[in-house]
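Peer 1: With the first letter of the sequence shown counted as 1, position 215 gets the number 1228 in my numbering; the numbers rise by one all the way through.
For the record, the hints were derived by calculation from the structure and aren't laboratory data.
The beta-carbon is built from N, C-alpha and C at its ideal position, and this holds for glycine as well.
No false leads were slipped in.
Listed below are the simulated BS3-like cross-link pairs for lysine-lysine, each with C-alpha atoms no more than 25 Å apart in a straight line:
(1) LYS1026 to LYS1086
(2) LYS1352 to LYS1414
(3) LYS1285 to LYS1250
(4) LYS1335 to LYS1110
(5) LYS1090 to LYS1026
(6) LYS1283 to LYS1257
Restraint ranges, calculated between C-beta atoms of paired labels, are given here:
(7) PHE1412 to LYS1026: 43 to 51 Å
(8) GLN1051 to LYS1377: 48 to 56 Å
(9) GLN1051 to LEU1401: 40 to 48 Å
(10) LYS1137 to GLY1193: 37 to 45 Å
(11) GLY1403 to SER1175: 47 to 55 Å
(12) ASN1381 to PHE1412: 29 to 37 Å
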Amino acid sequence: MEQRIYLFGLNHKSADVEIREKFALTGFDPEVSGLMGQESPIKETLVLSTCNRVEIICVSDAELDEVSPMILKSWAKFCQQEYSLLEKHIYSFQDLKAVDHLFSVAASLDSMVLGEPQILGQLKDAYRESVKNKTAGVIINRLLHKSFSAAKRIRTETEVSSSAVSISYAAVELARKIFGELQDQRAMLIGAGEMAELAALHLLNSGLKDIMVANRTPARAQELAQRFKGQAMCMEKMLDHLHKADIVISSTGATSTIISASQVKEVLKKRKNQPMFFIDIAVPRDLDPDINMLDNVYLYDIDDLKEVVEENLAGRREEADKAREIVKQEVDKFSHWLKSLDLSPTIVDLLNRGEAIAHKEIKKSLRNLGPDADEATRKAMEQLATSLVGKLYHEPIIFLKRRSREEGSSDKFIDLTRRIFNLDNEQAPENAHQNRKRK
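Throw the hints in and build the complete structure from the sequences for me.
Peer 2: As structure tokens, then:
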């Protein structure tokens, strides 16, 4: 049966942060959730969950009206939320539209920050998790590798990423709008991941000299603090030092809020009500939204950064058009490969490949024979070549035909055959054979 590709998701365009945090899929395992199994029509899955998007990609031989309720009910159940609420904000794509969307995501053409580099790393992490959980098969393996190569092409052939801002940069720009110059301010980073690291870099570049880093893993906090000549602390000590911070940027992977409004109220007393600036770039949010109700406190979440991002966007729209053309080309290539997973095109390609090689060798041999190569010799050599190709490929073709009758196994063997015989004409890495010794 034909395998279909489906993608279900919500992002910063379809749902605000209150909804996205409710449906974050951190720690979601498709097999444990019951999405995959011997009786399930879903054969492969990959889950991407970031601050700005949550998406599930799956491969199935079932139709959309059967797959969609399975995915969304499992998603809502894991998040302990209402199915109807998720359904209101979801978007879905299938087959080549799903491929196009994923390639655009990998190239950060669908990001809040056009051209930002973080999404590609997040997608690679999601793919590694899928491989580790054994939920990626032939199609998702190929799909993800091609999304990575499409993103690489776009970064190489366009300038779409040349002036991209990160979410962390936008957060620091927002701090500058509030405080003006930052050299006299003190900052606390809660979390020590990539977002925090980028925020620290942008803070220092803006003139700020004093940074505190709080993290659940003290060693990681220490590592980041040493890099930026700051002060490290474990998360348990964070509240004891919070009153020293003018700027707080939080980006942990916590599943619920880590600082409440009542805790900040106590901190303000220690500060004698000096202003505090909080930026929450985590999803789910780290900071209680009620913090914003307190006097002399400014709280912004990830959706509030859109204005800063928009200012940076205008100059890259032309490059984005070039990037989308590359996405279209890469989707066409993937479409060709997907069609090749049917058995007949692969058999034809295999025989054509063999005959092309054989005829190339015949021409070389005839040139070497020179004037001694008459018409009878040429015909005999061509017949020999055609016969050899048919006999050499007879067993592989019989093997593929047998496997095509076995449920769920043909895609794997067809894909393997195409890769072994290079039927998609993929280039070998440079210098791949430089160390091979001649015999």
